[in-house]
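Given chain A's structure and the hints, the job is docking chain B onto it.
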Amino acid sequence: MRIELVKRPQRSALFSMLSPFIAFALTIIAGAIMFALLGVNPLDAFNIYFIQPISEVWQLHELAIKAAPLILIAVGLSVCYKANIWNIGAEGQFIFGAIFGSIIPVLFPQFEGPLVIPLMLLLGMVGGAFYASIPAFLKTRFSTNEILTSLMLVYVAQLFLDWLVRGPWRDPQGHGFPQTIQFGDWAVLPQLMPDAGRANWGFVFALVAAVAIWLMMSRMLKGFEVRVLGSSPRAGRFAGFGFNRMVFFTFLLSGALAGLAGISEVSGAIGQLQPVISPGYGFTAIIVAFLGRLNPLGIVAAGLVLALTYLGGEAVQSALGISDKVARVFQGMLLFFVLGCDTLIHYRIRLIGMALTKGTAKLEAAPKLGEAR
Amino acid sequence: MGGTVSANHDRANLLEVRGLTKIFGTLTACDHIDLNIAKGEIHALLGENGAGKSTLVKMLFGSLEPNSGEIFWDGKPVKITSPGVAKKLGIGMVFQHFSLFEALTAAENIALSLNDGSPISTIAAKARALSFSYGLPLDPDSLVGDLSVGERQRIEIIRCLLQTPQLIILDEPTSVLTPQEADKLFETLERLRSEGKSILYISHRLEEVKRICDRATVLRHGKVVGHCNPREETAASLARMMVGSEVKAVVRAPAEGIETAPALLEIRGLSRKPATPFAIPLKNINLTVRAGEVIGIAGVAGNGQGEFFESVSGEVLQQDAGSVRIRGKDAGAISITGRRLMGAAFVPEERLGHGAAPRMKLSENLLLSRHATDGKAFVGSGGMVKNGSVYSAAQRIITAMDVRKSAPDPEAAALSGGNLQKFIVGRELDRKPSVMIVNQPTWGVDAGAAAHIRQALIELARSGSAVLVISQDLDELFELSDAIAVMHNGELSKPLPIAEATFEKIGLLMGGAEPGHAEHGMEVA
Chain A
16 MRIELVKRPQ RSALFSMLSP FIAFALTIIA GAIMFALLGV NPLDAFNIYF
66 IQPISEVWQL HELAIKAAPL ILIAVGLSVC YKANIWNIGA EGQFIFGAIF
116 GSIIPVLFPQ FEGPLVIPLM LLLGMVGGAF YASIPAFLKT RFSTNEILTS
166 LMLVYVAQLF LDWLVRGPWR DPQGHGFPQT IQFGDWAVLP QLMPDAGRAN
216 WGFVFALVAA VAIWLMMSRM LKGFEVRVLG SSPRAGRFAG FGFNRMVFFT
266 FLLSGALAGL AGISEVSGAI GQLQPVISPG YGFTAIIVAF LGRLNPLGIV
316 AAGLVLALTY LGGEAVQSAL GISDKVARVF QGMLLFFVLG CDTLIHYRIR
366 LIGMALTKGT AKLEAAPKLG EAR
Chain B
98 MGGTVSANHD RANLLEVRGL TKIFGTLTAC DHIDLNIAKG EIHALLGENG
148 AGKSTLVKML FGSLEPNSGE IFWDGKPVKI TSPGVAKKLG IGMVFQHFSL
198 FEALTAAENI ALSLNDGSPI STIAAKARAL SFSYGLPLDP DSLVGDLSVG
248 ERQRIEIIRC LLQTPQLIIL DEPTSVLTPQ EADKLFETLE RLRSEGKSIL
298 YISHRLEEVK RICDRATVLR HGKVVGHCNP REETAASLAR MMVGSEVKAV
348 VRAPAEGIET APALLEIRGL SRKPATPFAI PLKNINLTVR AGEVIGIAGV
398 AGNGQGEFFE SVSGEVLQQD AGSVRIRGKD AGAISITGRR LMGAAFVPEE
448 RLGHGAAPRM KLSENLLLSR HATDGKAFVG SGGMVKNGSV YSAAQRIITA
498 MDVRKSAPDP EAAALSGGNL QKFIVGRELD RKPSVMIVNQ PTWGVDAGAA
548 AHIRQALIEL ARSGSAVLVI SQDLDELFEL SDAIAVMHNG ELSKPLPIAE
598 ATFEKIGLLM GGAEPGHAEH GMEVA
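Just so you know, the protein sequences line up as chains A and B, in that order.
In this text, residue positions in the first sequence follow the working numbering: the first is 16, and each later residue adds one.
In this text, residue positions in the second sequence follow the working numbering: the first is 98, and each later residue adds one.
Accuracy of the hints is not assured; some may be wrong.
What the hints assert, rightly or not - Across the chosen pairs, the derived CB separations fall in these ranges:
id: 1; chain 1: A; residue 1: 285; chain 2: B; residue 2: 473; range: 45 to 55 angstroms
id: 2; chain 1: A; residue 1: 24; chain 2: B; residue 2: 181; range: 38 to 48 angstroms
id: 3; chain 1: A; residue 1: 22; chain 2: B; residue 2: 359; range: 46 to 56 angstroms
id: 4; chain 1: A; residue 1: 163; chain 2: B; residue 2: 195; range: 26 to 36 angstroms
id: 5; chain 1: B; residue 1: 359; chain 2: A; residue 2: 312; range: 47 to 57 angstroms
Said to hold, decoys possible - Some but not every residue of chain A turned toward chain B, in silico, with C-beta under 10 angstroms:
id: 6; residue: 235
id: 7; residue: 238
id: 8; residue: 251
id: 9; residue: 252
id: 10; residue: 253
id: 11; residue: 256
id: 12; residue: 257
id: 13; residue: 336
id: 14; residue: 340
id: 15; residue: 343
id: 16; residue: 355
These are computed hints drawn from the structure, not numbers from a lab.
Built from N, CA and C at the ideal position, the CB exists for glycine as well.
If we strip away everything but chain A, and leave its shape as in the complex, we get (with noise of 0.2 angstroms):
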C-alpha cells in the first residue's frame, strides 16, 4: 500500500474559508483526548481554559494585551510569506526593537515630556528594522537561507538582551537582580481605559497595522507587487518589480513591526527589561499568521484565539496543577491541523494498492483494463 499526494484541479473556496475553523475543531477533540489522558474531566479543562480566561471585562482587557503583540508581529509577516520570503526571526526583532526603545528611559530617564513614548515607539521600530536588515543583506548579498538566519539571530537577541540586564543596563538598586530600572511615568504606554483594566495602546496600534496593511496588499500597487513576486518571481521580473528591493522591504516592514510589538510591550505591559519578555510571541505569530489566512483581517481573530491559548494555559497551571505548556500544545496542535487542512484542500489523498504494483511485474497475468477499473 502506498499513499499518494495527487494536486486538485479546483481549490474550493469554501473549505479554504472553512479551513480554519475545522483546524480549531480538530484541535478541541485533539486536546480533549489530551486531557482526559491527563486524568481532567475535559469539559472541566475546557470551562477553565476557554471560557473563564474571559468572562470578565477586565480578562478581555489582558486577552487585548496578549493579542495585541501577536497581531503585529503576524500582521507584518503575513506580508512576507505572501512573498514568499520566510522571516522565521520575529522573535529576535521583538526584542531589538524593546532594546531600541528603551534607550530613552534606560539611559536617559531624566529626559521627559509627551515626546518620549512617540520616540520611544519610533526607536522600536528602528530597532526591529535594523535587527531585520541583517538576514535581508545576507540574502541579497549572499543567497543565503533567510530561514536559517533569521531564526539563529534569535538566539542572538536573547542572549544579548540576558547581558544587558545582567550587565551595563542592570538597576543599580535592584539588590542585584537581573532587570533594568522601571521606567519613568513618561516613558509608560498609557492604558486605554485605566478603570476598566489593563490594556493599553498596543491593541490599537495592532488593529491600525491590520487595517493598513489589509488595505495595501488589497488595494495598492505594493501589494500587487509582493503577490507578483511571491506567486511567480519571473512574472516579477518581467513587470519590472526587483526581487532584492521587495526582501528589504518586506523584512524591514515585518521587522518594524515586531519592533514596535516589543517595545509596546515592555513600555506597556512590563514597565522594565528583563531576561525574558516574551513567551514565544514571535514564533506564535506564525501560527497566527496561517490561521488568520495571511489576511490582516483574519490574523486579527487568528491573533485573539491565539492570545486565549496564552491565557488558558496559565488559568490551567493555577486551578488544575497542569503544566502551563499546555498552551504549547495547543499552539502546536492548531498549526498542525490548519496546514493539514490546507494540504488536503490543494491535493486530495490517492492510496494505491500493492495489486497494481504486482500486475506490472506479471505482464502476462495482468487483468483488462476494463475489468480493473
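Structure of chain B alone, referenced to chain A:
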C-alpha cells in the same frame, strides 16, 4: 471511425488501441481513441496543441494511466503501468523536451537510463557503433552541455535504439532541428522502417508528414476525426482535418520606404557573458529594426535567443549603455520598466510564469506589464490601483483579440495556451508600442489564434512600429518577416531580405554556416 481499420490490413498490427479514454477532472483529454500501428510503418499522429496527442502518447508509454480502453501488443492485451513496462514490451520514446544531465557525458547519460550495470566504456562503444550505422554520428564522450540541441536529440534517439524497441515514438522531433538536420533524421527513420520497426511520429508540420509517413491519425479535441494516407492529401486538406475549419491566410502588404524610415530599435555590438555554465554567450550582435518593418530571427532553440531577449527587454542590463538603443536613445543601462516608458513592449516565450502570473486574474496580468506605462490610468494617488479602469481595459483587450474564456475575469492559468497568448500579445498591442519584441509569438498556439496574432503583428508594423520576432518556426517567419536574420551559437547573421531568403539558405545559417557566406555553403551542400 468504424471503417478505418481496413487501410493496412495486409500487415499485422504491432499495436492496437481501442477506446482509450483519459479524463482530467472535467476535461476529457482523450475520448475513446482507436489507433492501429502496423509493423514496419511510419504512422503520423496529427493534431493541434491540446488535441490530446501528448496524453495519448503518455498512456502508450506508461506515464499516464487510462480511465478506460484497451491496448493490444502483438495481438495480446497488455496493461502499460509504467515506462519500465513499456520499455520491456519494446516501446521506446524520444521526448520533445530532453531529459539529459548537462554536466555528464553522452555515454553517462545513456548508462543512467539503461540501468543494466554494464560498464560505461561498453555502452560508449555500442552507442558509437549504433550512431554511425544509422547516420547519426555522435561522440559518446562529449559533455551534453557542449552539444547542440540537434546532437542532444541524437543522444535521446540512440539511447532509445539501444533498447532495441519495436515501436519508436517521436514527439515533435523536428521542432529543434534545422531543415538539413531534419533531412538526416528522415533518412534514419526510413532505414528503421526498412528494418521492420514501427514509428509513431507526432507532428503538426504537414509537409514532413506527407513526405515520410505511411498513414496518419488525426486528433481534434481529444477525438479521432479521421485516418488517412497523408500522401494522398494536400497540406490544406490535412490542416482542415486538424483545425476543423479553414484557416485564414495571413496577408502581408509589401513594406514601402523602409530604407529611409527612422531606426526605432538599434542593437550595436551587444555581447553578454554566460550567466550560468551552460548559458550561451552573446557575441557582438548588430541589428537595426526600422519603423514599418518586421524582422524575424530564426534559429534552433538554445542558441542564445533567450539570452538575447532578456538583454533587449532589460530584464538583464548591459554594461555598454549604447549597445541597445530605443527610438534613438541609449537604453542599455535602463531597466525593463524604463524601456517600456521609452515606447518598447515585450512578449516573452514562456506564457505561464513569465509573461503572465498563472494564479492571477487577467486584469491583474494586464497591470503586470503596464503599471508604469499606464500609471495615470491604472494607479491613483498614493499607489492605489484603480480596479475599475484596469478591468475595463482588460475587457477591451479581450474583445479586440477575441480571447475565449469561461468567466468574465478568469485566472491566467484557466485559459488555453492560444487564448492566453492572444491576451498577452493584445496587452502590448493595446498600448500601440513603437517597438515590439516578441519571442515565439505562436508557440503551442492553435492555427486560428496563430493567424490572428501574426496578422496583428504585421498590422502593428505597417502602422509605423518596429517589430522584432524571434521564432523557431520557419514557416511563421516566412509568413511574417520583411527580412530574416539567423541566430547561431550566440551570433546573429545579417538579415536576409525576404525576397532572397529560402528555407535552404536560412537552414544552412541555422546549422552554423558562416554568416554572410550562405551562398557558398549552398554550393557545398
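Cross-check of the supplied hints:
1. 285(A) x 473(B): 45 to 55 angstroms: With Cβ atoms ~50 angstroms apart, the hint holds.
2. 24(A) x 181(B): 38 to 48 angstroms: 27 angstroms, violated
3. 22(A) x 359(B): 46 to 56 angstroms: Since residue 22(A) and residue 359(B) have Cβ atoms about 51 angstroms apart, the given range 46 to 56 angstroms holds.
4. 163(A) x 195(B): 26 to 36 angstroms: With Cβ atoms ~35 angstroms apart, the hint holds.
5. 359(B) x 312(A): 47 to 57 angstroms: At roughly 54 angstroms between Cβ atoms, residue 312(A) and residue 359(B) fall inside 47 to 57 angstroms, so the hint holds.
6. 235: Nearest chain B Cβ about 5 angstroms off; hint holds.
7. 238: 8 angstroms, holds
8. 251: 8 angstroms, holds
9. 252: Interface hint status for residue 252(A): holds (6 angstroms vs cutoff 10 angstroms).
10. 253: Nearest chain B Cβ about 6 angstroms off; hint holds.
11. 256: 9 angstroms, holds
12. 257: 8 angstroms, holds
13. 336: 50 angstroms, violated
14. 340: Because about 39 angstroms separates residue 340(A) from the closest Cβ in chain B, which is outside the 10 angstroms limit, the hint is violated.
15. 343: Violated, because the Cβ-Cβ distance from residue 343(A) to chain B comes to roughly 34 angstroms (cut-off 10 angstroms).
16. 355: 22 angstroms, violated
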